[in-house]
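Asker: Residues per chain are reported as follows:
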Amino acid sequence: MMIAPQRTRSTCTFCRCGCALEIVRQGRRIVGVEYPDDSRPTGGRLCPRGSASAMLLDHPRRLCYPLKDGKERSWNDFLAEVGPIVRDCPSNELAITYGSQLTREDVETVWGMADALGADNLACSSPESEMHFARRLGGRSRVQAQDQFHVTPEEIAKADSLLLVGDVFGLMPVLARTVLDTRYASRERRLFGLDTVASRVAGFSHKFLQPRPGTEPLLVLGLAALCDPRLSGFDADAVATACGARSDDMREVATAFDRPKRGMILATVTSGRVANPQFLAAALQLLKDRMKGNTRLVVLSAGAIEPGKKPLGEILSGIEQGAVRVMLDFGDGALLEYPALSARLEKLELLVTTGFLRPGSTVKGWVLPVPMNLEKAGSVDTLWGPAKLEPTAVAASGTRELARIVEEILQADVQAAPVEETVWPAMPTRTVLDKGRAMLSGKSGQPLISPDYMFTLLAEKPAYGFLEVFGSSGKQIAVAPTDARALNLSERAVVKLETSSGRQATFELHVTSHVQQGTLLVDANAPAVRALFDVSIDSSSGMVTIPPAQAKLWRKE
Amino acid sequence: MAKRIVLDLDYCIGCQSCAAACQAAFREESRIRYGEIGATAFLPMACRHCEEPLCAAACPFEVLTISGPDKLVVQSSFRCTGCGSCILACPWGVIDEQLLRNISQKCNQCADRETRAGRIGPRCVAACATGALRFLDEAELPKPEVARRFISRSPFWRRT
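These protein sequences, in sequence, are chains H and E.
Using my numbering, the letters of the first sequence map in sequence onto residues 1 to 557.
Using my numbering, the letters of the second sequence map in sequence onto residues 558 to 717.
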């Protein structure tokens with residue numbers, strides 16, 4: 001007898017767009033994903049990450065056993081070995097981290113565990129720049145900064161001028177509909193883009209500002225000076241020259257955000273794209289404050305979870321110095337995504353991480369299988385506000401809920417603890433201006449092309465390449481036509497790349513005017529590509545970022 | 558005229574949600590092709606289900622036939638030998654080789670996707686992140702609206 005298909009609605013949590021989706025099941029078998037057109041505000045539209053949901057629920061790489069050093073072990077082995085170590089570990093030698101994709105309830109459980117163990121080394125482990133970018137805005141608490149994390153389609157629709165900073169359409173394709181409807185609503189509406197790569201926003205923008213890599217904050221400060229002439233030292237022509245932009249375009253943007261216009265800045269940062277997200281965040285805050293019109297700044301971070309009690313960089317430094325011996329990472333394996341970051345964990349005596357897919361390479365330590373968000377009930381924060389999750393499928397065999405893992409490790413009931421608000425100090429205005437002026441006068445800032453290495457290597461993360469569900473990505477490298485001519489390379493030539501830290505990879509060349517001269521663009525969805533990027537820890541803030549790399553390129557013989 | 562997939566170039570951002578939805582549903586390669594014009598125009602292209610399909614004319618084994626009230630060009634995978642005649646004949650380049658089974662594959666407008674009320678249209682249209690793809694018949698097609706704002710005036714294609 002044919003079993004009737006059942007549909008269960010939930011919310012996609014692979015970014016903060018909070019799109020509704022339905023998982024279709026026949027009995028326990030996942031049949032596919034459906035698009036509920038009566039859902040608001042996204043109307044059933046889904047980007048490739050949402051469409052991948054059903055494939056991920058029963059993915060062949062789905063993790064169903066605990067792994068130790070890459071080998072399958074039982075849950076009893078794990079508890080017998082790890083439980084005593086964690087329970088007996090001095091609290092200052094233990095670090096607990098959590099990922100950005102967890103439910104609110106999961107995060108509260110992790111905070112409860114940290115409370116029970118007295119661990120102060122508690123941090124969100126997402127190394128993604130956009131997370132830290134979001135936290136560094138404004139220096140206000142989350143309650144005060146609600147307007148920076150949440151927005152409604154109606155509010156976007158009211159904006160006379162929109163400035164999209166970063167690859168907004170790449171991060172949240174579904175948001176593009178609202179933005180484009182606003183842009184097409186009348187001829188007076190203006191849409192501007194600002195990114196180092198002519199991203200998908202470029203073709204829809206009235207003006208697209210494309211500064212050289214590393215100079216984005218300076219360009220933003222130049223715009224701020226045009227909006228408020230009292231901000232001295234940022235002459236538009238000088239800033240435009242330093243950034244490789246056009247001063248007329250900058251003036252047009254500044255005019256569009258003048259009184260009495262209603263403006264909106266939607267900003268995001270991609271790992272491997274922006275050298276200093278903290279500086280860019282502070283510069284954007286300053287720009288928003290100096291705009292005379294009624295302008296809002298909204299951050300489109302991939303996740304927006306409390307950062308924890310300590311910056312992640314501080315914990316990583318503790319591991320380096322041998323002060324932290326044991327680490328429990330309750331996340332989606334983000335720490336292991338970037339090899340430069342996971343290499344810093346090698347000094348640990350015990351590493352326990354969680355994930356729903358089998359890691360691409362052997363992890364030294366334990367990897368525990370946990371359910372995906374689509375298999376849980378709970379609540380998450382989205383761009384449009386809080387959303388509820390419903391379990392759309394029975395949790396995959398062998399996985400255990402985070403709360404159960406915590407209780408079994410501690411051999412006691414753990415009370416979920418309220419997540420404390422952490423107010424991260426913003427970069428002081430004086431520092432922002434000093435850094436900007438120094439960059440303009442050429443006293444600081446790294447050169448675009450160093451004498452030894454020709455190119456700045458930038459990353460993008462198109463939604464279609466998400467977890468490589470739809471096929472392997474990261475095979476192509478984009479280069480400007482002028483550079484291709486100079487190197488005598490043609491489209492589809494096989495090239496070899498070596499970064500300044502000695503990492504190598506092979507790509508197929510794609511010649512495009514999307515990228516500027518002296519820059520290369522790669523798809524960082526692929527693990528081999530992420531391995532090309534280094535990790536930097538800011539000494540003053542403890543912020544972990546993944547900046548662009550320096551690389552040279554030649555034809556593979 | 559039966560319903561067909563229509564693309565509004567003013568809204569397509571090239572995110573490939575359509576290709577992902579197709580691939581997720583059929584668990585094989587996407588049946589919707591994807592191309593770019595210059596730096597700014599994106600073209601997802603599915604089978605147009607032509608009134609006089611050249612692919613059907615080229616097929617030596619009558620694998621491709623026009624079927625049903627919607628006059629869809631449907632393919633009988635069991636009879637396809639993978640000769641590739643349809644791939645070469647298609648003027649839009651939207652029929653591809655299914656590499657695993659060594660037969661050709663093409664869009665069937667998600668004929669399997671239906672509710673009690675009837676067919677609800679292709680998944681690529683439902684998934685389209687910006688609503689650029691629409692499923693319309695000729696009467697519904699607001700011709701002056703589609704690509705109205707798409708005017709070439711500079712090295713970038715500008716939407717006025």
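If you are wondering where the hints come from, they were derived from the structure by calculation, not from laboratory data.
All C-beta atoms, glycine included, are put in the ideal place defined by N, C-alpha and C.
Mixed in with the good hints there might be a few duds.
[As the list claims (entries may be wrong)] Computed list of lysine to any residue pairs in SDA-like fashion (alpha-carbon distance at most 25 angstroms, straight line): (1) H/Lys-207 / E/Glu-654; (2) H/Lys-158 / E/Glu-593; (3) H/Lys-207 / E/Glu-593; (4) E/Lys-560 / H/Gly-43; (5) E/Lys-560 / H/Lys-68; (6) H/Lys-475 / H/Leu-487; (7) H/Lys-475 / E/Gly-688; (8) H/Lys-68 / H/Lys-475; (9) H/Lys-475 / E/Asp-565.
[Claimed, not checked] What follows is a set of in silico ranges between Cβ atoms, one per label pair, in the way DEER data are often shown: (10) E/Cys-607 / H/Ser-513: 51 to 57 angstroms; (11) E/Ser-633 / H/Asp-77: 33 to 39 angstroms; (12) H/Lys-347 / E/Gly-641: 30 to 36 angstroms.
Asker: Evaluate each hint against the coordinates.
Answerer: Results of checking the hints against the structure:
1. H/Lys-207 / E/Glu-654: Distance of about 41 angstroms is beyond 25 angstroms: violated.
2. H/Lys-158 / E/Glu-593: violated, 31 angstroms
3. H/Lys-207 / E/Glu-593: Holds, because 21 angstroms separates the two Cα atoms, which is no more than 25 angstroms.
4. E/Lys-560 / H/Gly-43: Measuring from Cα to Cα gives roughly 21 angstroms; hence the hint holds.
5. E/Lys-560 / H/Lys-68: violated, 55 angstroms
6. H/Lys-475 / H/Leu-487: At roughly 20 angstroms apart (the allowed maximum being 25 angstroms), H/Leu-487 and H/Lys-475 satisfy the hint.
7. H/Lys-475 / E/Gly-688: violated, 29 angstroms
8. H/Lys-68 / H/Lys-475: Between H/Lys-68 and H/Lys-475 the Cα gap is close to 31 angstroms, so the pair fails against 25 angstroms, i.e. violated.
9. H/Lys-475 / E/Asp-565: violated, 30 angstroms
10. E/Cys-607 / H/Ser-513: 51 to 57 angstroms: violated, 34 angstroms
11. E/Ser-633 / H/Asp-77: 33 to 39 angstroms: Given a distance of about 53 angstroms, which is not inside 33 to 39 angstroms, the answer is violated.
12. H/Lys-347 / E/Gly-641: 30 to 36 angstroms: Since the Cβ atoms of H/Lys-347 and E/Gly-641 sit about 57 angstroms apart, the hinted range of 30 to 36 angstroms is violated.
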